[in-house]
Amino acid sequence: MAAHVAIDGVTKRYSAAADSGGVFDINVVIPGGKFTTLLGESGSGKTTLLRLLAGFLRPSEGTIFLGDIEIASNKMFVPPQARDLAMVFQSYALWPHMTVFDNVAFGLRSQKTPKREILDRVETTLSLVGLEELQHRKPAQLSGGQQQRVALARSLVLEPGLLLLDEPLSNLDADLRVQMRDQLKALQVRTGITFVYVTHDQEEAFALSDHMIVLDQGRILQQGPCEEIYSRPRSNKVAEFMGRRGLHLDGALDSKSQFSISAPSGGKQVLGTFPHVDNRLANGGKATLVVHSESLRLEAPGATSECFLSVPGVVESTSFAGRENQVVVRTGGDHSTTAYAPIRENWAPGETVQMSFRPESSWVFPTGRAGAGASGPDSEPDLATTDVADSSRSSS
Amino acid sequence: MNSPNLHGSSENTATRRSRKLPGTQISRNLVWVLTIVAIGVLVAYPVARIFWLAVSDPSTGVWDSAAFQAELASSAMWRATWNTFIMAIAATALGTVVAVPMAWLCERSDMPGRRVITSLVFLTFMNPPLLLGLAYVMIFGPNIGLLTGWLQALGIDSTIYSWWGLIFVTACASFAIIFMTTSSSLAGIDGDLENAARAHGAGAMSLIFRVTLPLVRPAIASGALLSFVLALNAFGVQALIATPARISLLTTEIYSYFSYPVQFSAASTQAVVLIVISIAAAFGANLYIAAKTYPTIAGKGARADITQIPRWARWAAFLACSGAVGLSVVIPMSVVVARSFVRVPGRGFGADNLWLGNYSQLFKLGDVSGALWNSLRYGLSAAALMVLIALALTYFRRERAPGSKFVFTIAEIPFVVPGIVLAIGFIAAFSRPPLALYGTSTILVLVYVSKFLPIAIRFTDNALGQIGSELEEAAYAHGASAGRTFLRVLLPLMKRGLTTAAVLSFIFAFNELSASILLIGTGTQVASTVLLQYSQEGLIGNMNAFAAVLFGITAISYAIVIRLAGNSVMTAGTN
Amino acid sequence: MVWYTSNATPAAEAIGSAFEKKYPEIELEVFQAGGSQVIAKVEAEAMSGGIKADIVDYSEGAAAVGQAKRGLFQRYLPPSAGDLSPGLVGENGFWFSPWYLTSTIVYNTDRISEADAPKSWKELTEPKWKGKVGMASPDYAGTAVATVGIWQQQFGDDYVNKLGANGLTVFEGFGNVHESVLSGQTPVGINLSFRALQAEKDGEPMAWVTPEEGQVLLTFAAAITKNAKHPNAAKLFQNFLLTDEIQTMAAEDIGYFPGMSEMAEDTGIPDLDKIKKFGADLDELSDPNFIAEVKSNFKNATS
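Line by line, the protein sequences are chains A, B and C. According to numbering that gives the first Met the number 0, the first sequence is numbered sequentially starting from 0. According to numbering that gives the first Met the number 0, the second sequence is numbered sequentially starting from 0. According to numbering that gives the first Met the number 0, the third sequence is numbered sequentially starting from 0.
These are computed hints drawn from the structure, not numbers from a lab. Treat the hints loosely; a few may be bogus.
Cut-off 30 Å, straight-line C-alpha distance, at most; resulting in silico cross-link-like pairs (DSSO-like, lysine-lysine) [claimed, not checked]:
1. K363/B to K228/C
2. K74/A to K404/B
3. K161/C to K121/C
4. K118/C to K200/C
5. K21/C to K363/B
6. K127/C to K200/C
7. K494/B to K111/A
8. K118/C to K275/C
9. K21/C to K200/C
10. K494/B to K137/A
11. K111/A to K137/A
12. K285/A to K267/A
13. K200/C to K20/C
14. K129/C to K161/C
15. K234/C to K363/B
16. K494/B to K114/A
17. K200/C to K363/B
18. K20/C to K363/B
19. K225/C to K68/C
20. K137/A to K114/A
21. K121/C to K200/C
When you get a sec, could you build the whole thing from the sequences and use the hints?
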């Protein structure tokens, strides 16, 4: 049965130095049977968290449960080989001196599974990933994509309670990546194994996950289903992640909830009031206005519309991105925003432009890095818990 | 909610795996403890005895630093120290200057005869240095050396018994080591690193000096350090040449302290000085190496291209390389073999002066076959033990077992201890029950293990280091125990490196001389001491005959190893 | 029975096999090495647990004197020891010399005629022989220590200095000297009597000279160790050394001067009594401090 993972107050410190990496106060339940992604930049702690789950690292504080079994804490530690999991590595880590078959069979042999069963299961899994013809080859004779599938098969054949994947697609070329992405998702649905997947690519995370955990500097910023994180980010940083370098405008919120920015000529320019304002700005203060790139529309200056608010800027560069034009716009100060315009619109560098958006598609947060897991404008209960509660209630 | 798994059954997989964990933990800890004990017995204890000898009265065992202080104050000792240092540095420098271009030519260019040259360099290395020295005395000795006349015609009024002779012979032995480490590093360079330079317009020379050379600098430094330390501690051939040359060296001084009246403390003091210098050199070199080491395997790891050199240069290079191996092994051994058929030395090679008697006498004189057999046996046992211990040490250091770094460092010490002093340490450590090993073959094997373990470690460590940690982690992540991971993943991937380690350990043990001198007993003579004996007794014909036999054995073992493990076994894993 | 000997290999071989032939039930284990090495080994063993040998012999008797004083040997003299020439029996009977050796001047007959050959020790310091003389190092060869020490006792400190200044080449062992003389590297050498005699016998182009001042008489010493495990076999061996058979063999085959004085006439060896020689003040020679001084003087002179 697919196991859920409970991480309870886990901290991993590498050293006393403040910037030595690690993760801090992680509290999360990863739902069983789902595809969960750990999303973050490099250095965010996502790999550390994965390795804590795998058992290559011991937590400095806190407890980790796999299913109902305690696997790591202050007092005890179950090494990786005794945990009911398997892992796919970024570099695939196929054993070069063994054939594809032997690579895949390795885990089963370690469990002393009878030969007949090994043969059976390995062949089934290999055909699942489409590699049954290549079982006698050595890894060096395979392409990148094939190697990746061997790594996958090696883990899947064990039917583990938990499958950990460490950016397994990052070494593949773009086309293959998308293909494999689809395959991975399909495999997860088919096998029902709990997948925990690490990536820094937000698009990939959206495509694959049921559930997402956003990490930054070792802490969880937000977790929940993808749409929720996308449309209801709880902090500046999360929004930044989701928004593909959208609009981040620094300004101030006054006590009447009016957001204003400093006008180029001095003084203030009031942009208006916004529906989604973080709780912590109840009394006003320094605030940042955040809008996802996808929600920005480019217009000539002066165009107004009922439902839209605008922010002025100057075009920095334009590039052709296949199905649209990618336009980089500079707003007041140093900030560059990326917006997308239909092909037929030609925006030239140096042109003054106006970025418009619906107020409902924006958020106002306290300026700077808001604490992880800060309570958002709508204090919702932790969605993740609800999911698990649901699944465990209906499990047999 | 039951998720259908791959086979449709719905067992509870969370508890399927139950590992017998405590068992494997215990046996693993046991192995580690045994390793620590081995290092303690083989290294820490004898070396500690040596240090103690320096500052105590040997007959009473009481602290007495008078001898220690007197020795440190003696200018004769410092002169010997200075001489030794100069000799080692000069020989290493000469060796480097010769070895590096040769390594490049053999490994990375299209010079003709590369394989032959490489094999000959290894033969140099596998030969006991004493053979080399003896041969050179014949060729370049004063008054009547075969080629001394030529030298004098060239205006060089000097013979082999001089500084240049000493440095030259020492360099002959050491350049092979530098060749090996450099070769192997050159072989491992990612081709892309050089191609990138070419793509930016680098010409051949520029490529070599600005890309290739910097990349292999650590390997060169590593080889140079090894040969420096070996030269510092070398005895056999140094005594042969330095004594008539009136150059006092630390190792010869130490040996002279063992002639009557024996001065253990003074000898140990000098050993302490040698150890300190060696450690300082090793420390400095390792800092340099660490600072300059860049990963040479960047992208996909394609082998680097062969550089073509212009036709005229190709043959010039071949000539130069042939000259080098000619001097280091071909000419000396030819002379040795030729003279092994001579009845009376000095009377030329006329038919009336040639016979096979030197060979037939070998088997009457003392226990030649016994000594050979001993050398073989002890060498093999020592090599096996060394590789096992090295494996354990490198494995546990990788796994960061408690104290592993410390034990690792300790294991490296005997390498910098002169053989004769190490022997004294062993005698002091193992002469009383329960470990009364003196005079047995065991103590010889043990001292070889102690002395050359660092070499086995170096090659084993490299072999293990080349295996990415992910390969190990992948095994654990799929349920394999530490033991199974070691046996099925690590060990098979280390085969080449382990073979190299074993072969090299064997060669060093087989040729060891300075420690053996004091530790051989009745029935435990070894080939190198027999050779020395013949040399000292003036049994010239027999000496040459025996030398020829030893060389034959060396060449045959080399051929066997190459056959078994492939051509590049000697350069495997010395990055 | 375990025998540590500094007899040259052929000599040790010969004596060893003769003994085994006579006493087949006694298993003989031989350790043969240069005098210096044997002494070092004995000292190392004495320091740490006991000497493994039953019998030790040195070509440098002086060491034995010192070791006897330190109680490393047991007292034993073969019954026929009374017939030994005087001076061949150690004080209190801890050791004896079955035979003598001398150090003397040898030269290569192919390269130097008899007329030209050096006639005295003193002559070796003359420009005629600059760079042409070789000898063994006191650091490696016990007999060399004795030789140099006796020179010092006879000629004073300065002799060695002059030799050194005259380009004396110092080799590791006597074997190296031998080779050097034969090959002509150093056509004149200071070597041991029995080697010269052996060379003559083998037809090698080497001859010896009795210098005007005399040959240097060295004392060979053999002793039974105090805690020998096979004292009876050892005693048999010591007796054996003084039998006619061995004395004759020592003289004729090896070239030693036999210790038993009446043997001298029967063999082809020159009669030692008729050779001019001078020997050591053994007490002084056995003093480690004196030895150390001798060695360091030599080192200074030849560096």
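Quick rundown of the hints versus the structure:
1. K363/B to K228/C: Since the Cα atoms of K363/B and K228/C sit roughly 29 Å apart, the hinted pair holds (cutoff 30 Å).
2. K74/A to K404/B: Between K74/A and K404/B the Cα gap is close to 26 Å, so the pair holds against 30 Å.
3. K161/C to K121/C: Judged against 30 Å, a Cα distance of about 9 Å means the pair holds.
4. K118/C to K200/C: holds, 22 Å
5. K21/C to K363/B: holds, 19 Å
6. K127/C to K200/C: holds, 29 Å
7. K494/B to K111/A: Holds, at roughly 26 Å.
8. K118/C to K275/C: holds, 13 Å
9. K21/C to K200/C: Roughly 27 Å between the alpha carbons, so the hint for K21/C and K200/C holds.
10. K494/B to K137/A: holds, 18 Å
11. K111/A to K137/A: holds, 23 Å
12. K285/A to K267/A: This hinted pair holds, its Cα atoms lying about 13 Å apart.
13. K200/C to K20/C: holds, 26 Å
14. K129/C to K161/C: Holds: K129/C and K161/C sit about 11 Å apart, inside 30 Å.
15. K234/C to K363/B: holds, 27 Å
16. K494/B to K114/A: Within the cut-off at roughly 27 Å; holds.
17. K200/C to K363/B: holds, 20 Å
18. K20/C to K363/B: holds, 16 Å
19. K225/C to K68/C: holds, 12 Å
20. K137/A to K114/A: Roughly 21 Å between the alpha carbons, so the hint for K137/A and K114/A holds.
21. K121/C to K200/C: Holds, at roughly 28 Å.
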